[in-house]
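Take these sequences, add in the hints, and give me the full structure.
Chains as they are written, first to last, in the numbering used here: chain A, 1 to 477; chain B, 1 to 1003.
In case anyone wonders, no lab produced these hints; they're calculated from the structure.
Just so it is clear, CB atoms sit at the ideal spot from N, CA and C, and this is done for glycine as well.
Any given hint might turn out to be false.
To be verified - Calculated pairs, BS3-like style, for lysine-lysine (alpha carbon to alpha carbon, straight line, at most 27 Å):
hint, chain 1, residue 1, chain 2, residue 2
1, B, Lys107, B, Lys209
2, B, Lys487, B, Lys330
3, B, Lys107, A, Lys34
4, A, Lys468, B, Lys209
5, B, Lys217, B, Lys821
6, B, Lys107, B, Lys334
7, B, Lys555, A, Lys34
8, B, Lys555, A, Lys468
9, B, Lys487, A, Lys34
10, B, Lys590, A, Lys34
11, A, Lys468, B, Lys781
Unchecked claim - Computed footprint of chain A on chain B; a stretch qualifies when at least three of its residues, placed anywhere within it, have a C-beta under 8 Å from a C-beta of chain A:
hint, stretch
12, 581-590
13, 654-668
As the list claims (entries may be wrong) - Covered by chain B, according to a simulated footprint, are these stretches of chain A (three or more residues, beta-carbon under 8 Å):
hint, stretch
14, 31-43
15, 114-120
16, 207-217
17, 289-301
18, 340-351
19, 386-400
20, 464-477
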Amino acid sequence: MNKKIKIMKYLKYIVLSVFSMTVSSCGEDFLSPKPISSITADTFYSSEKELETAVINMYDGIQGINSTSNDDNHGVQEEYILTEMRTDNSGTRSGEGEPARLESYSVESTNSTVANYYSSFYNIIFRAHVVLENLGVADSQRDRFEGEAKFVRAYAYFNLVRLFGEVPMPTSVVLQDNEGVLFTRIGTSTIYDLIVDDLTTAVANLDNTYKTRASQAAAQALLAKVHLTLGEYNEALPLLEPVISSMEFDLEENFEDIYEISNERNEEIIFAIGYDGVNQTDSQLFSAEMTANGRTSGLNYLPQNMISALENIGGAERAAASYQEDPKPQYAGFFQTKKFIPNGNPEASDPTIGGNDWIVLRYADVLLMHVEAIMAGNPSTSDGGAIASFQKVRDRAGLTDLVTTITAQELLDERRVELAFENHRFFDLIRFGVAETVLGDWADDQGYNFSVTDLLLPIPQREINLSKGQLDQNPGY
Amino acid sequence: MIAQSTVSGKVTGEGEGLPGATIRVQGTLVGTVTDIDGNFSISVASDAILEISSVGFTTQVVPVNGQTRIDITLNIDVSQLEEVVVIGYGTQKKSHLTGAISKVTNKKLDQIALSRADEALIGQVAGVTVAQTGEDGVGSDPTLRVRGVGSITAGAGPLLVIDGVAVSSDFFGSVDMNDVESFEVLKDAASAAIFGSRGGNGVIMITTKQGVEGRTKFTYSTFTGFQDVKNNPDYNMSVAEHANREMAYNEAMGNTPLLSDRTRYKQLIGDQNWQDVIFDGGVITSHSLSVRGGSAKTKFSTSLSYLHDEGVLLTDDFKKYNLKAKIDHKVSDKFSFGITVNPSYTNRRRFDGSTHDILRQEAWLPVYLDANTIQYVDRVAYPDAQIGDYAVQTMFNNYDLNGDGGEVDISGTSNTNPAAKVLEKEYRDFKFKVFGKFYANYKINDDFSVSTSIGGDMQDTERTRWQGSEADRRGSSRSFSYFQNSKDVHTVMDGFVNYDRDFGNHSISATAGVARETFRNEYSDVTGSGFEFDYIETLNGATVISGADGYNREKTLLSFISRVNYAFSDKYLASVSLRRDGSSVFGDNKKYGMFPAVSIGWRVTEEDFFNSNIVNDLKIRVSYGVTGNDNINSDYGNILDWYAYSALLEAESAITEGAVSAAFNPINIANPDLQWERSFEFNPAIDFGLFEGRISGSVDYYKRTSEKLLLEIPVSGVTGFNEALVNIGEVVNKGIEIELRTNNMRTNNFSWTTTFLAANNNNELTNFADASGQILSVDSKRPGEWINLVGNPISSFYGFVVDKEIPLEYINDPFSTVGGKAQHVYVKDLNGDGLIDGDDRTILGSPYPKLTWSVTNEFRYKSFDMSFMFQGRHGVSVRNIADEYMYNFFESTSSQQFNPATTPDQGFLKRKVLTNSIIQDGSYVALRNINIGYTLSNAALEKVRLYNARVFVSGQNLLYIKSSDYSGFNPETIRDEGPLAYGYNRGGSPIARKITIGVSVDF
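What follows is the structure, given as C-alpha cells:
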C-alpha cells in the first residue's frame, strides 16, 4: 500500500516534468508568430512617411506588373490594345490572338485584355482610397497627398467611363459583401461630376514639382480634356491657358528627342508613368510587344492608311521618328512603331524588361487642346491664339508653312500624326463626333464588321457572372 | 515423473522457413522463438501441447505425443485477425479495431517499377484513389485521395506519417520502397481524429522495417527494365492518311481528284510520327542493400538504395539516393530508446513543356533539316539554314511548288521546332531531405509508462531552369537562367503518458500527451537574362539580373491529445479520443479547434449464443469523429497561406523622377474570423470471416460532411481584389467500400488467393452560400465553363450539348492542316425557344469518379509464384482540352472555319470548347501489375551461402483500356486549376508500360 502511494507521488513529478518539457516556452506568442516578409496593416500607416508609401503605391498600380500572366494586373501597359488598335492607327501584325479581336470589332465579353484593364484600374482606385482613408496621419503634406490621390482616382475613372460607359463607382474602400456598390452601374454624368470635383481639388492642392507623380499642370491638362469630352469648351480654356503661360513647359526642339531614353522627363512631358529597364520589377512589356519580340509577335503595327497619314500629313521628321520597317528579315514589309523601342536599343539584351516611360500628357497635346477649346465645336477657327498654338506644333515638326485657318478635320489629322501611338486617337474620334463614320469606313475597308455598339467595351463576363444578374451588359455583347 | 525431452523442428509458411514464430507450451510460461531459418528447439514434457503462432498465419496446436522432431507448416491467416496494426500513437490488434483502418503489407510492392511510394498504393486499399495526374514526366506527384474530395482550397490530400512523425506529403517521392514494412491507411474520422488538425482527408502511415533479433540479415534487391508508351492513334494522323482522306472527300463531292497544294507539298517534305520523338521511352533501374539484425536488447535496420528512372518523355529523368539507419535499444526493462535517420537526395529533370502543345505538331515537319528537306527552305528569310539545324515551320513558306512563280505557304504557326522547345531547355529539381526521430520510453510500473520524442524533417529544394536560344522563335532574347532555393524545416516535440491495464475481463489502454510543431520556410530566387550565347547556362553568364525575390515564413501548431481504448472480454470494444489543436494560421479567437471521436465495436462471434459453422468471425463497428484542416493553398501565395487571417502589406516600388521609390501594397482582404475547416464523419461497418477464414472481408459505409471550408471565393474586381479567403460552404462525401479476400485453393504445392476491393463515392456540394450557381472558366481563350451548384458535385462541367458536326462542304479549306477539324459545331436548343443563348447550357458531367475497384490474384505452385492485379475506375468525365490543340481549333486564319456566306443556321453554332464535344469519359480498366517469380531451392542456395533468392519478372500497365470516347493520352491527368474547376485534362504525362526483371537475395 505504501509503495503505491509513493509511486503515485513520484508519478506526479514525472508526469509534470514530461509535460513541462514539451510545453515549456509555449507562451501566448507561440501560436502568433509575426510575419517576417510582410507587414500587418493594423499597425501600419502611423506616420506621414508611411503614408507616403501608400501614395507611391498608387503609381505602382498604374505601372502594372511586367508579366505575361493574366492573373497579374498589367495596369496601363495594355491600354494601347484597347485604344490605338481599335482605330485606323494600328493593329496586330499577324491577325492572331485576343488582341486581334479588338482590331476586328469582334470583342467577346470574356476577352482577357479587357478584363485585366478593368481589374487593374479598380485596383488603382482602391489604392487611391487607401491614401484618402489614412490622410489623418499626414502632417505638412496632407493637401499634396489628397491632391495626388484624387488625381489618380479621377484619371482611373476617366479611362473607365470613356471605355466602358456606366460603371460601378465606389468612393471609398469597399468590401466584397457590399453588393450595392459593386454591382450598380452609375450614370456617366454622376461619374463625370466626381472626376471634375477630384481634379479641381488636385489643381488647388498640387504644384509642378513632379513629372511622374501628379502635378498641378497634369491636373489642369486632364481636367481640360474632361471638359472637352463633355463639350464644355468654355471651362477648358481657363485651365489650359495657365499651363501655357506658366512657361514651365515647352516643346522639345527635335521631335525624336521626346522619346529618347536618356531624355526622359524632358521639358515637354507633363505627366508620365515611370519605368526602369534594370530588372523585372519596375519595367514594362509593351515596348517588346510593339516589336516582333512580343508574345503575340507584333502589336501596334501600322496599316497602309496610317503610313500614308504620317508621310503625307505628318512630315518627314515626325514620320521618321514614329515608325519603321520591321528589322527582322522574316517580317520585311511590316511596319512597327518606333517611339518605344525597348530601352532605345534595337539590340537590347533583354527587350522584355523595357525602361521606356509611358507618356500620358505632354505639352504638344496641351497646345492642340487649346486649339480645340477655342474652336468650340465649330467646323473651323481663325482665332489668333489658336493659330499660334497650332503653328508652334507644326513648326517644330518642320512644317513651317503659315496657317491662316484651322478646320476641325485638320486639327483631328494634326493630333493623329503628332500624338500617334500615345493612346489618343480613339478618344479624339469620339470627341470630334466622327468615330462612327471614320471607323465604319475603316472597317469596311478591312473587311471587319463594325457597329456603333463596338464603341464601348463589354463589362467583363466574370463580373456579370459574379453579380448574379444585377449587372447589365453593354448592348451588342 | 513425466519424462522431459527436447523437441526440435522447423516451422515453415508459404514454402519458406518462418523466423520469429512463437512456440509456446500450452498452459505454461515456457516458450521459444524460431531462428532466422525457422528452426526451434524446446525442452518439454512428453505429453505437452505446443501452440505455434506467427504474425499473418493461423495459430496451430500440436500435441508432442513423445515425438522429438516436429515440423509444422502454418497457413496464411487470410483474415489477418491476429495482425497488429499501427494506429496513431500506438498499435492495436486488427481484431480489436473499431475504426476503418486498412493495412497493406509490403510483400512485393517494392518490385513494382515505380519511382514514388504513393504510386505503390494503386488498387491496394478500397477508398484510396491514386491518379497519375502529373504533367512533367517521371517523379511528378500523383493525386492521392481518401474517400473523395472533401476540402476545396485547403489541400485535399491525406496526411503522411512516417514512423509516427507527420511529414510533408512530398516525402512520398523520397521514401525507399524497399524499406517500407507496411502502409496503414486511417480512413474514417475516428481513426484519423487522433491526428486532428491534419487528419481531415485521411491519414497514410508508413512503418519502415525494423531489425529482428537473431542473425544479421543482409538483403540485396535489384531490378531493371524498360518502359514505353503505346501509340495513340486518335492524335496521330500521318500525312499519307490525310492525303487519302482529302482524295476520298474530293471524289465524294465530285471535285477534281487532285490534292491541294498544301497537302502535295507536305507529302514532299516528310511524314514523321512525332509521338515516337517525344515519347522516347526509358530504362528503370533500382538497387537496394539492407542490413538488419539485432539481439534481445538492440535491434538495428540500415539500408542504402539507388533508383534511376529515365521516364518515358523526351528529356525527363529521375534519380534517387536513399540512406537509412534505425536503432532501437532496450537499456533495461524499464527504459528503451531509439533513433532513426533517413537522408535522401533526388535529382529530377522535368519535362519542360506540355505534351498537348508539343504534340500538336503536324506530321510533315522533321526534327532536323536533312539533305531532302534543305532544298525547300526559304533562303530569303533563312539564308543561314544548314543541314542539322532544327526545322521550323516558317522555313518552308514561299515555295514555288508548281514551278509557275507562285508561292505556297504551309506553316500553321511561327513557333520553333517542338523538339527544340524541350531539348534546348533544362529544368531540374535537386532535393535533399532528411527525416529523423529520437524517442525514449520509460516504464514507470506495470501500468504506466511515459514516452517522448523529438522528430522532424528538413527539405532543401534547389530548382534550376535554363532556356536556350533555340527554344523559342524569338531566340536569345528569351533566354534566361533561373535559380531557386527553398528550405523547409519542420520539428515536432511530443510527450505522452500511457496507461495499460488488464484486470479481469476488462482491458484498458489510455494515452494523453502534448505535441508542439514548428514549420519554417526560407525561400529565394534569382533570374538572369540577356544571354547572347548558350555556352554558359549559370547565372554568371547573364548580362542582366532581371528578377530576384526572397521571403521567410513560419507556422506553429500546438496540440493536446488524449485517447482511451477499452475492451471487455475481447467482445465489447470502445475507443474515445479527444484532441485540441491550435494553429498560428488563424485569427486570435479562432486558433483552437476541438476534435473528438468515438467508436464502438462488437465481436459477435465471441458471444456464447453465437454458434455457426460457417461464420467464424463477425464484428460490427460504428465510428463517429471530427477532424480538421488548416492547410491553406491559396492563389495569393505562400506568405498569405501562413498568416491568413491578417491584412498583409507587401513591399512594392514605383519609379518616380527616374529613381526607385518604396511602396507598400495591401495584398488581401483581411479575414480575422478565418478558422478551422471541420469534417464530421459517420462510419458503420461489418467485418466478417467465413469458413475458418477462407473468406473474409468487410463492408463499410461512410458519410463525411466537411464544413466551413477554407475557400478562395472569386469577388468583384471593383474591390481592388479578385479573391477573398473565407470559410464557406459544405460538402458531403458518402459511399460504400467493400473488401473481400478469399483463399480459393490450398494444397501443399499450390495455393490461390484473391483480393477484391471496390469503393463507391458520391460527392455533393450541400451549401455554398450566395455563391451557389456560380459559373467560372479558367482560360479566356478557351472559355469552357464549370458550375458550382448546390445539389451537385463541388464542380461540374457546364456548357452546350452537341447536335451534329458541320458538313465538310461548308468548311473553308477543310484539309489545310493534317488532322485538323472544324472549331465550331451545331448545338442543341435545349429550351426549345428557337435560339441558342446562355439558357441552353446544362451540366455535362462530373469529374469525380463514382466507382473504383481492383482485383488481385495470387498463385503459388511449388517454387513459382505469380500475382496480377486488374484495376479500374468508372463514372467519371474529363474535359479533354487537348482536342482543341490536336485538332487545331483555332481562329487565326479563315481556313478550317465555317464559311459565313454559305453555312446554314449559323445561330446554332458554338465553339466545341464550350460543348460536351470535349467532355469525355475518363473511365479505364488496366492490368496494373503482374509479377512472376521463382524462388531458388534451399539446397541450391546453401552451396553459395545464400539463404533466400528469388528472381522475378514484373510488368506494369501492360494493358490499359481507355474509353473509346476519350481521345487523349492519359485520362487520369488533371491540370490543377483549383478545386472549383476540377477535371481539366490537358495532355499530361502518358501512361507508361513497363517490364522489368529483378533478383532479391538474402545472405
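Hinted pair Lys590 (chain B) and Lys34 (chain A), Cα distance within 27 Å: The given pair, whose Cα atoms are some 17 Å apart, holds under the 27 Å limit.
Within 8 Å of chain A's CB atoms, at least three CB atoms from the stretch 581-590 of chain B: coverage verdict: With 4 residues close enough to chain A, the hint holds.
Restraint status (C-alpha distance of Lys487 (chain B) to Lys34 (chain A) at most 27 Å): At roughly 19 Å apart (the allowed maximum being 27 Å), Lys34 (chain A) and Lys487 (chain B) satisfy the hint.
Straight-line alpha-carbon gap Lys107 (chain B) to Lys34 (chain A), limit 27 Å: violated (48 Å)
Whether chain B covers the stretch 340-351 of chain A (at least 3 residues having a Cβ closer than 8 Å to its Cβ atoms): holds (count 4)
8 Å C-beta test of the stretch 207-217 of chain A against chain B, three or more residues: Check passed, 4 qualifying residues.
Proposed proximity, Lys468 (chain A) with Lys555 (chain B) (alpha carbon, max 27 Å): Not satisfied, since the Cα-Cα distance of roughly 38 Å exceeds 27 Å.
Straight-line alpha-carbon gap Lys107 (chain B) to Lys209 (chain B), limit 27 Å: Since the Cα atoms of Lys107 (chain B) and Lys209 (chain B) sit roughly 12 Å apart, the hinted pair holds (cutoff 27 Å).
Check of the stretch 31-43 of chain A against chain B for coverage (Cβ-Cβ below 8 Å, three residues minimum): The restraint on the stretch 31-43 of chain A holds, since 11 of its residues have a Cβ under 8 Å from chain B and three suffice.
Agreement of Lys217 (chain B) and Lys821 (chain B) with the hint, judged by alpha carbon distance not exceeding 27 Å: The given pair, whose Cα atoms are some 63 Å apart, is violated under the 27 Å limit.
Per-stretch coverage check for the stretch 289-301 of chain A, three Cβ contacts closer than 8 Å to chain B: Result for this restraint: holds, n = 3.
Pairwise hint evaluation, Lys334 (chain B) against Lys107 (chain B), where the allowed Cα distance is 27 Å at most: violated (34 Å)
In terms of the numbered hints stated before, the structure departs from hints 2, 3, 4, 5, 6, 8, 19, listed from lowest to highest.
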